[in-house]
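Asker: Hey, can you work out the whole structure from these sequences and the hints?
Chains as they are written, first to last, in my numbering: chain F, 1 to 370; chain P, 1 to 182.
For the record, the hints were derived by calculation from the structure and aren't laboratory data.
Think of the CB as a built atom: it goes at the ideal place given N, C-alpha and C, for glycine as much as any other residue.
Hints may be right or wrong, so weigh each one.
[Claimed, not checked] Calculated pairs, DSS-like style, for lysine-lysine (alpha carbon to alpha carbon, straight line, at most 30 Å): (1) P/K140 with F/K323; (2) P/K163 with P/K21; (3) P/K36 with F/K252; (4) P/K32 with P/K21; (5) F/K169 with F/K252; (6) P/K60 with P/K36.
[Claimed, not checked] Pairwise CB distance ranges (calculated): (7) F/G31 with P/L126: 46 to 52 Å; (8) F/A53 with P/V181: 54 to 60 Å; (9) P/E84 with F/E298: 36 to 42 Å; (10) F/V100 with P/V181: 34 to 40 Å; (11) F/L251 with P/L126: 21 to 27 Å; (12) P/I125 with F/G31: 47 to 53 Å; (13) P/A26 with F/D233: 30 to 36 Å; (14) F/R6 with P/I125: 41 to 47 Å; (15) F/E219 with P/I80: 43 to 49 Å; (16) P/P82 with F/D71: 57 to 63 Å; (17) F/G73 with P/P82: 52 to 58 Å; (18) P/G54 with F/E219: 37 to 43 Å; (19) F/R313 with P/F50: 56 to 62 Å.
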Amino acid sequence: MANSWRRERWDSLRLLTPNWLSRLPGQDYDGPDPDGYMTTGEVVDFIERFALASRAPVRTGTEVTSVRPADGGYHVATSQGDLLCRGLVLASGACNLPVVPELSAGVPAAVTQVTPLDYRGPGELPDGGVLVVGGSATGVQLAAELRRSGRPVTLALGEHVRLPRLYRKRDVLWWMDASGVWDQRYDEIDDLNRARRLPSPQLVGTPERSTLDLNALTELGVELVGRLAMVRDGVALFSGGLRNVCSLADLKMRRLLATFDEWARAGGREDEVGPPEEFPPTVVPAAPRLSLDLRRGEIGSIVWATGYRPDYRWLDVPVLDEKGRLRHEGGVVDAPGLVALGLPMLRRRRSTFINGIEDDARAVIDHLVR
Amino acid sequence: MTTVDNGVNVQALLDAREALKGAPEAAQFTWKATAKWENGVHSTATIKNFFGLGAEQSHKQETVFTADHPEVFAAEDHGITPIEYLLVGLASCLTAGVASVAQNRGIQLRSVESTVEGNHDIRGILGADSDVRNGFNDVKVTFNIDADASKEEIEALVAQSQKRSAVYDALTNPTSVTVEVA
Ligand SMILES: Cc1cc2nc3c(=O)[nH]c(=O)nc-3n(C[C@H](O)[C@H](O)[C@H](O)COP(=O)(O)OP(=O)(O)OC[C@H]3O[C@@H](n4cnc5c(N)ncnc54)[C@H](O)[C@@H]3O)c2cc1C
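Answerer: Next comes the structure, spelled out in structure tokens:
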């Protein structure tokens, strides 16, 4: 139970969603710090409490090894015997496997490569500099932690989502929730494919509620470079487009914050929040480094913070697209009695988060019993 | 011994190399194009001046390049597509390199022809698949060279021309690009 939070997260991780938002159906956070962020241990406790209260018949330690269509339903093979069922909910998670770009094959053998699913803390990496690839929540959090441990850190990043932790004295996710951004439905969004692939925002949950944007990383001494484009003869080459991806993220953040301002003004909620705030543009190095020789020993390890994907190798039902993604309409899969939960933007923007499960589960289960 | 003449003044280039060793400031050049939108995806770019050897310089004449997209892109095809200009640049740079190196190595050229092909998956620029890059997937250059030299010598010419090519470098290595609104 709560396997992903027990075994697949690094030691220092806290949720980036505040406690009051980390809600499961019928179970709100009732601890002393609603504005804080749970540690992974606290998430495990929170899920265990839910399991106890809901008395769902969970078979722990049971791995599903295959699911295939059978007469009027599905045949499910597990490590603890087989099952037959009429309806099936795919809730196996969106982040079972790390996405590692093919160019990693060109990294010299002397450089240790890790993914966030096996990374636990800075102490496990060999001495020397670290190249963190990827500027989403995982990438910025690991870059900051590794830099604070005293290592030289280079962060290679492409398009990313910049957000301040607090805006006008409120958690930025309070704004997302209250202003209705998180309620945007999958069938209202222009480019759903893009929205589902949007990288996670540059946020971290800390007791100080501090912002972890690129300027904060630069201040810590992390070196920013462009997207890792290629490894050639042991040399990593970075895109020269760093400035543009930073401008894009600045523009998008400002546009989002302006919609929050507009929402607060139009809804007469100015009194609940602080005065409008402006954030300085991302400071991009004057001449960002374009290459890094991985053979010189300067870089001891690479952290691939390049995203996660689900693992459907056990799913013997033809419901995946050409890229191996599950084809579904708001969680309804194109196979009788088959539905999905827990995928990014499954039905709404909030579906990506623990908070989204309540509405999604209700809608999807409604469909299943109909 | 017959004198080799490919029309390249190698002595001047070698002299410049020596002179600039002691004067790196003079070696700083800025190439410059100005572009203007015409209509649709049709634009013109003009090149006349550049900076180098510590001073403003000019080409003998101004050149205007027309860029557009073909009719299969629902455009009017007033000129070649911008990415085709990269092929023009690469082909002419490598060809100039072959001639210069051949001159320097005492190889008489009779003809140098090349075909440059850039493979391009346009789903990238159309935003149809975010895993597809916008630029070329790869570029292939095929040289046909007739010269007083062995096959190995010709291959060495072509290899050396890549080694010293500005456009080959610009295409194969990243360059920091800043785009601003004035
Ligand atoms: C690094 C990281 C940080 C995150 N931070 C936050 C956050 O701050 N706030 C937030 O709201 N969300 C966060 N998320 C998203 C978070 O994972 C989800 O919100 C939540 O955990 C999803 O729960 P889930 O049950 O759908 O998926 P998971 O937690 O992934 O659980 C799926 C379970 O299915 C099991 N499983 C998979 N395949 C099989 C099989 N074949 N047989 C048997 N069992 C199987 C897995 O072992 C796992 O236990 C984060 C995700 C990651 C990766």
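Asker: Confirm or reject each hint.
Answerer: Verification of the hints:
1. For a cut-off of 30 Å, the pair hint linking P/K140 to F/K323 stands: about 28 Å separates their Cα positions.
2. Distance hint between P/K163 and P/K21 is fulfilled; the C-alpha atoms sit about 19 Å from each other, no more than 30 Å.
3. At roughly 28 Å between alpha-carbon atoms, P/K36 and F/K252 fall within 30 Å of each other, so this suggested pair holds.
4. Of the supplied pair hints, the one linking P/K32 and P/K21 holds, its CA atoms being roughly 24 Å apart against a limit of 30 Å.
5. As the CA atoms of F/K169 and F/K252 are separated by approximately 20 Å, the hinted pair is consistent with the 30 Å bound.
6. For the proposed pair P/K60 and P/K36, the alpha carbon gap of about 22 Å is at most 30 Å, so the pair holds.
7. Judged by the Cβ atoms, the range 46 to 52 Å given for F/G31 and P/L126 holds: they are separated by roughly 50 Å.
8. Between F/A53 and P/V181 the Cβ separation comes to about 56 Å, which falls inside the hinted range of 54 to 60 Å.
9. P/E84 and F/E298 have their C-beta atoms about 40 Å apart, which keeps the hinted 36 to 42 Å range intact.
10. Checked against the hint of 34 to 40 Å, the pair F/V100 and P/V181 passes, with Cβ atoms roughly 37 Å apart.
11. Separated by about 22 Å at the C-beta atoms, F/L251 and P/L126 satisfy the suggested range of 21 to 27 Å.
12. Between P/I125 and F/G31 the C-beta distance comes to about 50 Å, which sits within the given range of 47 to 53 Å.
13. Range check, P/A26 to F/D233: about 32 Å between beta-carbon atoms, so the 30 to 36 Å window is met.
14. For the hinted restraint 41 to 47 Å between F/R6 and P/I125, the CB-CB distance of approximately 44 Å keeps it satisfied.
15. Between F/E219 and P/I80 the beta carbon distance is about 47 Å. The supplied range of 43 to 49 Å therefore holds.
16. Between P/P82 and F/D71, the C-beta spacing of about 59 Å keeps the proposed range 57 to 63 Å intact.
17. The supplied range of 52 to 58 Å is met by F/G73 and P/P82, whose beta-carbon atoms lie about 56 Å from each other.
18. Look at P/G54 against F/E219: about 39 Å separates their beta carbons, and that is inside 37 to 43 Å.
19. For F/R313 and P/F50, the Cβ-Cβ distance of about 58 Å falls inside the hinted range of 56 to 62 Å, so the restraint holds.
Consistency note: the structure conflicts with none of the earlier hints.
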